[in-house]
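Participant: Heads up: the sequence lines are chains C and G, in that order.
Everything in the first sequence is counted per this note's numbering, starting at 3 for the first residue and increasing by one.
Everything in the second sequence is counted per this note's numbering, starting at 12 for the first residue and increasing by one.
Just so you know, the hints here were simulated from the structure itself, not pulled from any lab data.
Beta carbons: idealized from backbone N, C-alpha and C, even for Gly.
Where hints are given, some of them may not hold.
DSS-like cross-link-like pairs, simulated, lysine-lysine; straight-line CA separation at most 27 Å [what the hints assert, rightly or not]: (1) G:211 with C:44; (2) C:52 with G:211; (3) G:211 with C:47; (4) C:322 with C:44; (5) C:32 with C:47; (6) C:208 with G:95; (7) C:52 with G:95; (8) C:32 with G:211; (9) C:386 with C:44.
Per label pair, the in silico range of CB-to-CB distance [to be verified]: (10) C:188 with G:187: 56 to 66 Å; (11) C:425 with G:208: 54 to 64 Å; (12) C:178 with G:38: 54 to 64 Å; (13) G:185 with C:26: 48 to 58 Å; (14) G:44 with C:417: 47 to 57 Å; (15) G:94 with C:26: 51 to 61 Å; (16) C:136 with G:84: 53 to 63 Å.
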Amino acid sequence: MSLHPQLDPTLAPPFPQAALPMLRNPQLRKNVAHATDVIQAKRAKLVAEKTDWQQLRSAASDLRAHALENLGFYLEQFESRCTAAGGQVHWASDAAEARQIILDLLKQENATEVIKIKTMTSAEIQLNPFLESAGVAVFETDLAELIIQLGEDEPSHIVAPALHVNRSQVREIFARRMGLPKNEAEALTDDPEALTAAARTYLRHKFLTVPTAISGANFLIAETGSVAVVESEGNGRMCLTLPRTMITLAGIEKVLPRFQDLEVMLQVLARSATGERMNPYTSFWTGVTPGDGPQHFHVVLLDNQRSAILARPNERQTLKCIRCGACMNTCPVYRQTGGHAYGSVYPGPIGAILTPQLMQMQHAQSLPYASSLCGACYEVCPVKINIPEVLIDLRAQVVDQERDQPARFFDLMYIGMKAADFIFARPWRFHASQRLARIGLRLFTRRDGWIHSLPSLGAKWTQTRDLRGLPKQTFREWYAARPTNSTSSPSLDPEEMPGAPSMHRHSGAWVGDRKSQPGNPSGETRPSVLSSSDPEPKPGAPSMHRHSGAWVGDRKSQSDKSKKEAQ
Amino acid sequence: MTQPPASRDRILANIRSATSAVSTPVEAAYAAFPRSYIHHGQLAPESRIALLIERLREYDAEVVEATPNTLPAAIAAQLAHSGKQRFVAPSGLPADWRAPGFNWQIDNGLTHAEIEQAEGVVTAAFCAIADSGTIVLHHGPTEGRRVLSLLPDWHLCILRASQVVETLPEYFSRCPQPPPLVTWISGPSATADIEMTRIKGVHGPRFLHVILVHNDLVRDESEAMHVKV
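So here's chain C without its partners, still in its complex pose (with noise of 0.2 Å):
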């Protein structure tokens, strides 16, 4: 386990030298695999029964993005109804204002301690070490943020943050942290339920007696000024019920238009969050009631950059999100490295365009990056956030700044493109260096056909998978010798440069990771994210099942062909 990784955006390395411990992390990696397995197959069987689950997803996603288009609307009238049932509604502009303004609510209680509901925003704002340093001891009452906090670590996930941790460590760290007697501490097993058991000892005494409590928000309802909060264990009631006062930290686009809305987001917020038709325990509060529970309660709304991202018409869409983790579990990337790797409390596909988004471009701009674009966060998001697409105008942003930057002279990325700019900007330069290439390149191609290994940048690509080498013949070559119409002179005509129906008969092998298939030496390998079993594509299937699907077809359609050559 890695001791204190960096979640702060602003001091984390760029996400290829974050991810490089992680992927040399055994442990780790077997952890997270075995974690996302988990949940995606129960996410799959779940979404498969659902005969709706297409039209459940386009309401969410219809619903999400009219309460962001009345964002303004929406939130005054929760405001508004809040107030009306006793609430007190605040309103944060950045981190340090949500954080200054949680710790006057305490002072005025004088409150000395904080038992907590599970919130990613709350670790956004990084609120806990604030309230630790004003004296103001934090208590985290989900199973798996206990320990995170008891272990010193930090979420890898937004549903389950403590994924990256197995048993035998959870064993060790509540063996050294929960202040138990010696011979409990030694007698106490790796067993789930035992280590479920001693945390449920360890809390019940603070959920009596801790006089506030803070949580996040599922959703607030702007109808009736109502909050949802969602859970498993029992935690979240525990703070929404026995405490006297209780303060509820939610971004401003958490807000729904009304109570019935929930009949669409809650049926698919469990069952893509963690594979279940429904979580044990969702509880929706209004203002204060007399008699039944904390009689002051207080409401911050947190802006810290997302009316900035709500101006952006490509990237609003970020908003939609419920921080259900469907995306993260998919991911192949996440997969591999975990979510420390990203340097944020928001990890995964969601977290690579949120993060920089929230960091106003000016950190975190590797995470767009830390995707291969597959489309799979898209195809299990609830509420249709085209993150590839988000990706992609993110990596255009920061291409943006990095033109204004001098040092791009010295990149070789940067001059590549350049080169291939100009080469490409006239026919006669390209058919060049093609001929080129075609006498570079024979220098590295062996005798089979590949090429094993590249100099330089070339190196990035061979180092994990090898190039076919470049055919004898482009296809320009090839139509303009061709016997059957010698009376035509070759084209310079764009439209018919090389490339488009050649280029698939390399695509599969291309795409192919023949170094790590040694027992498929055609290299026709289907990327692993595409062949996932998962039930979609279905009606109203998102654009990228169509580039997918071409991919794949073309493949097919070129092993055909050359089934027929064979014939």
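Assemble the complex: chain C is given as a structure, and chain G must be docked to it using the hints.
Facilitator: Relative to chain C, chain G alone:
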């Protein structure tokens, strides 16, 4: 009061300028998008009940069935079988549900410490959703305050067959006035935070028992129909 209005106004101004291109009136836009998911279930009443029971059992809840006449005896049997003595009851719980021979405390403002001393609780419910195996509490007089069904380790919930709907949207159509306090319970407290192994019973009640009371189905079906019309 102490709230500096500057942030509120700035945030709302930013939001308004970010969404200034939106011209459709809110109500019209809200009504416009399709909601073509399943609203009403297709199951016959008996199958709907059977589905709920199946789902509840999948969550490790214990379910027994009764009729209005056998209900008090069924409650007494559940309490006796629990091996527990001290129970709390919401203030509005019917008197004949408080089986004799046990130590009952009625919640007319019990302290948290007093409720924590109880070993079990008996409540009614607002409704139940078969599709997801969810019991819904709106915390009325027969369902009790939220804390009442939280601290005791053992929860017995009495459900009438007429309270069982098949789908989540059917539940929402049963509450035209959104209730201020709601708790949905889908099985006993659980976690899967350690290696995705589902463990029953973390902080909430570790034992959930349900008695399903048949026989009022026909009457309430017609009532429900009436309400819909």
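Participant: For this structure, which hints from the list above don't hold up?
Facilitator: Those not satisfied come down to hint 7.
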